[in-house]
Amino acid sequence: MDQIIQVAVLGIGLGGVFALMGSGLSLVFGVMRIVNLAHPSLIIGGAYIAYWGFKLYGIDPLIMLPVCAVILAVTGILFYKVFFERDAKSATYSEMTVLLTFAIAMIVEGALGAAFSNTQRVTSPVYATDAFFIGDVFIPKGQLYAGIVSIVIIGLLAAFLKYSRLGYAIRATTQNREAAALLGVNVNMVGLMSFAIGIGLAGAAGALTSFVFSFFPAKHWEWVAVLMSLVVMGGMGSILGTVIAAFSLSIVAAFVGTWIGSTWSTMTFFLALFLVLLFRPQGLFGEKPELV
Amino acid sequence: MQARLLTAVVTAVAVATPALAQDVLRIGASLPLTGNFSVSGEKHEQGYSLCVDLINETGGLIDRPVELLVSDNRSDNATAISQYERFINVNGVEAVFGTFSSRLTFPVASILSRNGFVHPVPAGGALRIYTQGYEGIYYMQPNAAEYVGSSLRDLIADRVDEADRPTSVAVVWADDFFANAVAAGLLGQQVMDPADGSLVADLAPGYLVEAGLEIQMEERWPEEGFNDWLNLANSIKNSGAELIVGLTASAEEASQLTRALQTVRADPKMVYLSQGTQAEYYESVGNASNGVLVHTSWHPNAPFEGVLGGEAFSNADFIAAFAAKYGFDPDEDSAIPFAVCQAMAQAITATGTTDNSVMDEWLSARTLEDPVRTILGRFAWDERGLPIGKPFLMAQWQNDGELNFVYPLDEFPGTADLVYPKNGWE
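Note that the protein sequences, when read in sequence, are chains A and B. Just so you know, the working numbering puts the end of the first sequence at 292, numbered straight through with nothing missing. Just so you know, the working numbering puts the end of the second sequence at 1426, numbered straight through with nothing missing.
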């Protein structure tokens, strides 16, 4: 029984980190229809900021988190203005963004490599390799703290979307961009702010992942498929769906890894992606695509 | 008159330009500067570049300046292949340096063999690479990956009291060309030729069984995208194994595994990893590294005497030159490619040509009495291209950040005492 609880705890811990990593990706797609393959590379950017804050000044990555989020949000505004705003009304916008963000991911990877070298990094606050022990069950402090902070941030985001004026506009734009525009919503500004928030979430996720996983500029390729599977399973654009997918798949993967084998734990995410696309392509909480 | 003079000058320049261009001796290297192997790829570039710079400072090779062409293969097999083909057919390189990793080396070896190029391999230890019958391939580490485990077996036999030796082992490894090869030797598996399925080597019963160890756990994780380190470490802990063998494909994975073992408070007597000599490994795990054993081909304290530019160039010289150029100390991933460059430089200098068939003949004729001399020691190869008479060094992290070599005992002076059993995770 202890072993079952232990594996579930480890799955929940991993799911908390993935939830935040995937939330920004989901928000940006929901509002902007941008399939942002560069999202994981920007998470790495946030991780580097947290790393150097810790390395040079001894600032805990949890304290650095707002700094990472703001720097990445500003970066998101610049990226949006330079790369995305011009073609936002294109009929093939989503398709174009796949190629565009793929290119951006490579540029970000190259820039990070040039700036910080390709050496692997990880921040090492004391709690990163420590754990609470309850009987024979341990709860890794690093994942616990990262998971709690993730849930708090996602909760704040949900409250912001539900209760703020901008949040109303973002939700309206997510549901129907044309209708929102007709009702007076400045959809371009909403798109810009959503993109900034989404990339800001990547920065926050970077601060958390900096002590949960080691990283280097090319590491984002290992995350992009996992994050895409979470977002697709949750329903493209549904943050709640992404969070539920992150926790459920991480828990399933933990059990698969323990009782079937580590090789199959990563496969869990891709198998889920395959099954979702086969039987429920709109995901858990996504809208069914309209037939033309 | 002026027009005739101008024509003469232009003609002379036109004639001289190809001659000058031809005078540069170009050497090509396709390296994984981005992608999964970028950490090691960047260090390989540093090792190659330093060596070429030092050669040029002493007048080049056979009185010609050397130009190093490096391309980023993004850790991708197909890109590495096309880049070597481009080096040969478009850039006109006269020699090549090998790439990093068994996975990239395996397909590249075929291309270089077909083009008749000498292929010095810095990192590509899988035995299957050397059983394909390729001419001109030379491995620049002590032995094929399948045989690495013999050093662990011998270390346990020679350095740990019989009554206190570990009795059980958990073996976990990356589903990677190199790590699979090391695991095959440790676990006594059969190595098959991927081309025709024929038996390359039967490694039974395996070095772990030979060391008297009972195998409590075998687990492999996927080469890419694996994040569930704590779960894996928890399974290792629950196995109760006294020896943990972690065959990682990179120092990054070694860091992840070590940190996870520390977090779950696994308590083995001994931990052996296939990667982890790098400075960033220690930076990532700190003093949790104390007692961790890692096999290595190079060590800063090894008193190897090599040759560069026709003059003696020791391991200590390499460390000093590297620190002067880059501002930090080298590790194995820069030292090995430096030795590759030394070997090729000696072949070109000794033969006085860049004719690869002549260089191949010279390299294959090396013996332990008349070897290639590098900062990794002496090299002579068998007919497969694997070094003869070279043991791996076993190093151990000790005393909060010192990487001391602890085995073999009689290779050279300075072998440190073995820290055993490992005293927890600090």
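Because the hints were derived from the structure by calculation, they are not lab data. Treat the hints with care, since some could be wrong.
[Stated by the list, open to error] The calculated SDA-like cross-link candidates involving lysine to any residue, where the alpha carbons are at most 25 Å apart (straight line), are: (1) K1269/B - K1325/B; (2) K1325/B - S117/A; (3) K1237/B - S117/A; (4) K1237/B - I251/A; (5) K1269/B - F133/A; (6) K162/A - G184/A; (7) K1269/B - L192/A.
From a predicted model like this one, the values you see are computed outputs, not experimental measurements.
- [ ] Kindly indicate which numbered hints from before are broken by the structure, ordering the numbers from low to high.
- [x] Checked against the structure, the hints that fail are numbers 1, 3, 7, while the rest are satisfied.
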